[in-house]
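Based on the hints, put chain W in the right spot on chain F.
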Amino acid sequence: MRKIAFYGKGGIGKSTVTSSLSVAISMLGYKVMQIGCDPKADSTINLTDGRTVTPVMTYLKEHGSCSSLKDIVAEGVNGILCVEAGGPTPGLGCAGRGIITTFNLLEELNAFDVYNPDFVLFDVLGDVVCGGFAMPIRNGYAEEVIIITSGEKMALFAADNIKKAIDNFADRNYAKLRGLILNRRNIDDEEEIVRKFAKEINADIIGDIPRDNQIPFYEQQNKTVVQGNPDLPVSRIILDIAHHIALNREEL
Amino acid sequence: MNSNVFHLSIDEIKNTKTQWQHRLVPPNHLHYCPASAGGWGIIRVGLLVPESVMLFVSPAGCGRHGAIAGIQLGFKKPLFLLHVSEMDIITGKHMEMIPRAVDEIMATVRPSPNAMLICATCIDDLLGSDYDGLTQQLESRYGIPVRICHMNPPVMDTKKPPTFTVQQTVYDFLERSNFKERALNIIGSFAPIDAESEFYKVMADAGFTKVRHVAACKTMEEFRSMSKSTHNLLIKPGGYLAAELMKEKLQIPYCITPVTYSFNSIAQTYSALEKFLGVKLSTDWYCEEAWDTVKSYKKTLGALTVAVGSTANASPFELARALTEYGFHVPYIFADLLLVSDDEHIDWLKIYNPNVKIFTNNHPTMANLIKDKLTVDLTVGFDAGYFCSGAKTVPLGLEKQPYGYQGIIYLFREMVKALENPRNHKEQMYASGMVI
Chain F
1 MRKIAFYGKG GIGKSTVTSS LSVAISMLGY KVMQIGCDPK ADSTINLTDG
51 RTVTPVMTYL KEHGSCSSLK DIVAEGVNGI LCVEAGGPTP GLGCAGRGII
101 TTFNLLEELN AFDVYNPDFV LFDVLGDVVC GGFAMPIRNG YAEEVIIITS
151 GEKMALFAAD NIKKAIDNFA DRNYAKLRGL ILNRRNIDDE EEIVRKFAKE
201 INADIIGDIP RDNQIPFYEQ QNKTVVQGNP DLPVSRIILD IAHHIALNRE
251 EL
Chain W
1 MNSNVFHLSI DEIKNTKTQW QHRLVPPNHL HYCPASAGGW GIIRVGLLVP
51 ESVMLFVSPA GCGRHGAIAG IQLGFKKPLF LLHVSEMDII TGKHMEMIPR
101 AVDEIMATVR PSPNAMLICA TCIDDLLGSD YDGLTQQLES RYGIPVRICH
151 MNPPVMDTKK PPTFTVQQTV YDFLERSNFK ERALNIIGSF APIDAESEFY
201 KVMADAGFTK VRHVAACKTM EEFRSMSKST HNLLIKPGGY LAAELMKEKL
251 QIPYCITPVT YSFNSIAQTY SALEKFLGVK LSTDWYCEEA WDTVKSYKKT
301 LGALTVAVGS TANASPFELA RALTEYGFHV PYIFADLLLV SDDEHIDWLK
351 IYNPNVKIFT NNHPTMANLI KDKLTVDLTV GFDAGYFCSG AKTVPLGLEK
401 QPYGYQGIIY LFREMVKALE NPRNHKEQMY ASGMVI
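First to last, the protein sequences are chains F and W.
Letter by letter, the first sequence follows residues 1 to 252 in the numbering used here.
Letter by letter, the second sequence follows residues 1 to 436 in the numbering used here.
FYI, nobody ran anything at the bench for these hints, they're computed from the structure.
By construction, the Cβ of each residue, glycine as well, lies at the ideal position given by its N, Cα and C atoms.
Some hints could be false.
With the C-beta cut set under 8 Å, the calculated list includes, among others, these residues of chain F facing chain W [what the hints assert, rightly or not]: (1) Cys94; (2) Met135; (3) Asn139.
Isolated chain F, as found in the complex (with noise of 0.2 Å):
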């Protein structure tokens, strides 16, 4: 079992990227689990058409406790097991918290021995802020960490912060930084900008995903572009990371 928690600036494009490579690694034959970081629940909404995975928070407020995965974890396309994390009521609680509470719940239920996934994605709100969204780094989740930047200022400056965050934790034996995935925004030299900030923080970047507009259309059909055409060149190259990630395991 492999767990990759993927980490970067608000709006980079984590669910979307994050869900692309669950398809495509699920395509390559293996089981895959996806889990939501993020209060806003929204993680896994393209990986199953359209229906609602009941947010570990928001069953929790509802029942108070939880005792079995099935009330938690919702199968999509292919396979996929999908956990959203959720949060407290906007504006209220602690969403790190929430993510504490649910790692703890699953645990708890054994999630990862029931299922054996062969891969668990954890798709991580925003920046490594405070304890709850560095709870996917520690010992025992993810082992390997990739951000997703584009060449932006403001994007890079959030990839650098993470990047301290996993060097902070660099004696205690957790995650450890598996390289840089480039979101495409189309600034002027976005590929050289990105090339030189992974070469100052030691970094790979293992994948290169340009913008395009077929992502956003099979969006709206709640579908990730691997899922709703495989053959697009966009679709190939998201395919081809996959492939990296799955058949390169390195020595980290």
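Quick look at chain W alone, frame taken from chain F:
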């Protein structure tokens, strides 16, 4: 009786069936938590680990309570306090302060500690502070095992209340041993089974000459030998998570053999032990001896009205059943938890003591009960003594662990002692360390 006091009839108590732990207080109700409660709190239980020190990372109020409890109850020496401010907490600085505090402890404490516990409060549990990563660093720096315990009252009503998880932490210091020897570990109680108990002789006759308990271990090495034992006996429910951990981590199976006070329950426990250990146990002589003693004590005690409390070293329902079986009138039970193991005693009480009233200390209306002055001759447990203010109190505290047929003799002896030499309840409570 004041109608504003929340109480239940025995018929209103439902069997636990699926859940292993229930609170008696109704849901969506404020809980009353007595301020400055003493007894066996998280710090004191954690410090059962021999040759250990504890760093309590907390705001001033919690730290002050822990320190005063330590002074009054005699565990202050191995307890160290790290005060954290609001700014430390919100900036995460307190996590950087901990290694510095540990440095200081390790540089100054002599003899050097062989184990360390770091006690976090609910603040860190809400923040999700990364104590696991910290322990890895501290262990590699000092070469001693470091474990985390949690003083986290918000999870009191969950499947992992802090009073249970702290026992899990204590036994998490043990590592799996490939060498096994025919020996028993006693889990769940804070004191070893009392030396008076026939338990040791019965077990020795069956070939179990080694019976281990954490509080009887003077050194870490001695404590570690518990991982060599072949069997765990869980005698108090608080050790449930610890027993589960030891089963999984150390491959030591466990059997629930609770502290009880009725002849039938004790016979059932020995019978369960025979099956679990695969031996025949000779207990008849001890049973008869206890019967004879009880008969004689009963003459001395006469017909008494007795209330049973939750602070007694017993399940209040089992103890109420036992006392009813012995011919005493038990009109009141004070209980806070309902365990699966209580079901059979509750069912029995429904038939044989249907008028018994059950109160729970957690309910805020209990304050009204003080005015009511419930009348009984004797109470077992401090809470029962507190609410039945004219009665004589048998503390039956947790400092001494009665067990088996000798436990019945001990109970009766203490009842006679309380009747013949009654003590002031308040003085008794303070002397026992129940109030800090």
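Okay, the hints, checked on the actual structure:
{"no.": "1", "hint": "Cys94", "verdict": "holds (7 Å)"}
{"no.": "2", "hint": "Met135", "verdict": "holds (6 Å)"}
{"no.": "3", "hint": "Asn139", "verdict": "holds (6 Å)"}
The structure meets every hint from the earlier list without exception.
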